[in-house]
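Undergrad: Numbering-wise, the working numbering puts 32 at position 32 of the sequence shown, and it's gapless, one number per residue.
Don't read these hints as lab results, they were simulated from the structure.
Check the hints yourself; a few may be wrong.
Unchecked claim - DEER-style ranges, computed between Cβ atoms:
| no. | residue 1 | residue 2 | range |
| --- | --- | --- | --- |
| 1 | 83 | 56 | 28 to 34 Å |
| 2 | 117 | 91 | 29 to 35 Å |
| 3 | 116 | 10 | 21 to 27 Å |
| 4 | 137 | 46 | 27 to 33 Å |
| 5 | 21 | 56 | 21 to 27 Å |
| 6 | 35 | 127 | 16 to 22 Å |
| 7 | 98 | 46 | 22 to 28 Å |
| 8 | 128 | 89 | 30 to 36 Å |
| 9 | 38 | 68 | 14 to 20 Å |
| 10 | 14 | 123 | 29 to 35 Å |
| 11 | 91 | 35 | 23 to 29 Å |
| 12 | 89 | 111 | 16 to 22 Å |
| 13 | 114 | 10 | 32 to 38 Å |
Idealized CB from N, CA, C, for every residue including glycine.
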Amino acid sequence: MITATTAHADILAALHGAVFPEEPWDGPSFASLLAQPGMTGLIDPAGGFLLVRMVADEAEIITLGVVPKRQGIGRALLTAGLARARAAGVQTIHLEVAASNTAARALYESFGFTQTRMRQNYYIHGGDALILSLSLSG
């Protein structure tokens, strides 16, 4: 895993565009995110990325994406991100995932994330977002 910095913004944008072509983020957006306090990013050279924002004892997964699917990259990124969050004293971590993204939902559920809410018509294409949370304490 590589710790992402603002110098990696264009790499992250290219990966994000490959994973989310309907809503790609550009390099300046990633640079701005990575410059924020509490933001940490990881890049898997095999083709994946993760951004997590940590504030006090809570964190939010901002984005997680994998180009070659079903290679264990998402699981490795999530494992590393959760370890960083625990080490930083995070007690609860949240994320949003498309209700239609069954592969991502299965990954998160395998880590113990549970649905806490739903946002209807959240995405640009009209899809719903599920809000998932995981307690890291205990």
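Undergrad: Take the hints in turn and mark each one as holding or not.
TA: Tested hints:
1. Residue 83 and residue 56 have their C-beta atoms about 18 Å apart, which leaves the hinted 28 to 34 Å range violated.
2. Between residue 117 and residue 91 the CB atoms are about 19 Å apart, so this pair departs from the stated range of 29 to 35 Å.
3. One distance hint, 21 to 27 Å for the beta-carbon pair residue 116 and residue 10, is violated here, with the actual separation near 34 Å.
4. Checking the proposed 27 to 33 Å range against residue 137 and residue 46 shows it holds: the Cβ atoms sit about 31 Å from each other.
5. The hinted window of 21 to 27 Å between residue 21 and residue 56 is violated, with their beta carbons roughly 35 Å apart.
6. Our hint of 16 to 22 Å for residue 35 and residue 127 is violated, since their Cβ atoms are close to 30 Å apart.
7. Between residue 98 and residue 46 the CB atoms are about 23 Å apart, so this pair conforms to the stated range of 22 to 28 Å.
8. The beta-carbon spacing between residue 128 and residue 89, approximately 32 Å, falls within the hinted interval of 30 to 36 Å.
9. A C-beta distance of roughly 29 Å is found between residue 38 and residue 68, which places it outside the suggested range of 14 to 20 Å.
10. For the pair residue 14 and residue 123, the supplied restraint of 29 to 35 Å is violated, since their beta-carbon distance comes to about 21 Å.
11. Checked against the given bound of 23 to 29 Å, the beta carbons of residue 91 and residue 35, roughly 25 Å apart, stay inside it.
12. Against the hinted window of 16 to 22 Å, the Cβ-Cβ separation of residue 89 and residue 111 comes to about 19 Å, which satisfies the hint.
13. Under the hint 32 to 38 Å, the C-beta atoms of residue 114 and residue 10, about 35 Å apart, fit the expected range.
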